[in-house]
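Novice: Produce the complete structure using the sequences and hints provided.
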Amino acid sequence: MRDRASIYAAGLMVIWLVGLSTVGCYAQKAASPGAGPSGVLLNEELRIIEIVKRISPTVVAVTSYNQADTRQGLGSGIIVSSDGEVLTNNHVVSKGARLKVTLADGRELVAKNLGGDPLIDLAIIKIDANNLPTAPLGDSDDLQVGQTAIAIGNPYGFERTVTVGVISALGRSIPGGGASLSNLIQTDAKIYPGNSGGPLLDSSGDVIGVNAAVVGGDVGVLGFSIPINTARRVMEDVRRYGHVRVPWVGISYGDITPEIAAVFKLPVKEGVIVAEVEKDGPAALAGIRKGDIIVEVDGKKITDGGDLQKILRNKDVGQKMPVTVLRDGKKQNITVTLREMPMGLRATP
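The sequence shown runs 39 to 387 under our numbering.
Each hint should be verified, as a subset may be incorrect.
In silico lysine-lysine, DSSO-like type, Cα no more than 27 Å apart, as pairs [stated by the list, open to error]: (1) 307 - 328; (2) 328 - 317; (3) 369 - 338; (4) 369 - 358.
Cβ pair distances, simulated, as ranges [said to hold, decoys possible]: (5) 150 - 79: 30 to 36 Å; (6) 370 - 290: 27 to 33 Å; (7) 360 - 254: 35 to 41 Å; (8) 358 - 259: 24 to 30 Å; (9) 277 - 231: 26 to 32 Å; (10) 280 - 375: 21 to 27 Å.
Simulated from the structure, these hints should not be mistaken for lab results.
Since this is a predicted model, take the numbers as computed values, not measurements.
Cβ coordinates follow ideal geometry from the N, Cα and C atoms, glycine included.
Specialist: Written out as structure tokens, the structure is:
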């Protein structure tokens with residue numbers, strides 16, 4: 039019995055040592071050369087650390103004040119030109135009589151609002167500075183659900199806070215700021231109040247989105263970001279025209295669901311139904327009528343208003359847009375020439 043127990047104990051010791059050796063080998067393979075005694079840094083961690091060090095200097099704090107010089111809002115921004123253009127959310131700056139930008143080096147500079155739009159919730163502001171570091175802009179059309187997402191911002195005034203997650207979904211729509219924000223990137227990288235206007239980065243450190251909104255409560259919070267390709271168009275418009283040119287169809291509409299289709303005996307279970315047509319607007323001039331059901335735009339199937347908004351975001355003012363509607367059970371093809379949305383209509387969808 040004693041010999042058997044000794045053999046059993048020796049066996050356990052061998053297994054323990056082999057296991058320890060295996061774990062040690064695994065850690066050694068994952069470790070980077072020169073990892074310090076405080077712990078082992080994996081390659082993925084080192085990559086994120088490098089990105090944060092490189093991009094953080096391009097992230098600023100944006101503070102807005104009212105006429106009485108009382109703080110109205112606090113958000114973040116992204117330096118997009120070396121001479122002081124900063125990309126941020128429209129809701130961060132729209133109500134401010136005075137804007138202040140705090141750079142990573144601690145400098146506080148007055149900013150001017152060059153232009154923005156509440157429907158897109160993006161704005162460009164300008165500070166008087168030169169030779170600033172700029173954030174590299176990526177391509178949001180090539181994103182994949184599941185890829186790494188890194189958010190940097192100033193939540194609650196805590197400067198350049200970093201959170202890491204993944205892209206959870208694409209093409210999301212949510213209500214926000216008096217309008218319905220569409221074609222958004224959803225991420226589980228934590229986004230808090232004050233993160234608005236800060237960058238969402240991919241694993242190369244390129245900006246793929248502008249953090250804009252959170253949805254949720256005590257149980258959990260979902261973060262949403264405006265694709266950087268949408269922001270590119272905003273920047274181009276502001277630089278060229280001094281404001282954002284929003285393509286306009288001139289209709290109000292509602293989503294069709296199977297429940298709505300059943301109640302109103304509609305011929306389709308998805309799409310959008312035209313509720314109102316703006317007099318002398320692009321849709322009215324093209325022949326679209328109240329009650330028409332839009333089922334295709336630009337040859338793409340329309341299942342809800344989010345699909346329509348996504349297509350519109352990639353259109354230019356003056357462009358012709360093919361629209362297929364159902365009217366009296368029959369399909370009709372109509373071409374709408376897009377116009378710029380009047381400023382007076384931009385506070386609402």
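Novice: Under the constraints set out in the numbered hints, which ones does this structure not fulfil?
Specialist: The structure conflicts with hints 5, 6, 8, although it agrees with all the remaining ones.
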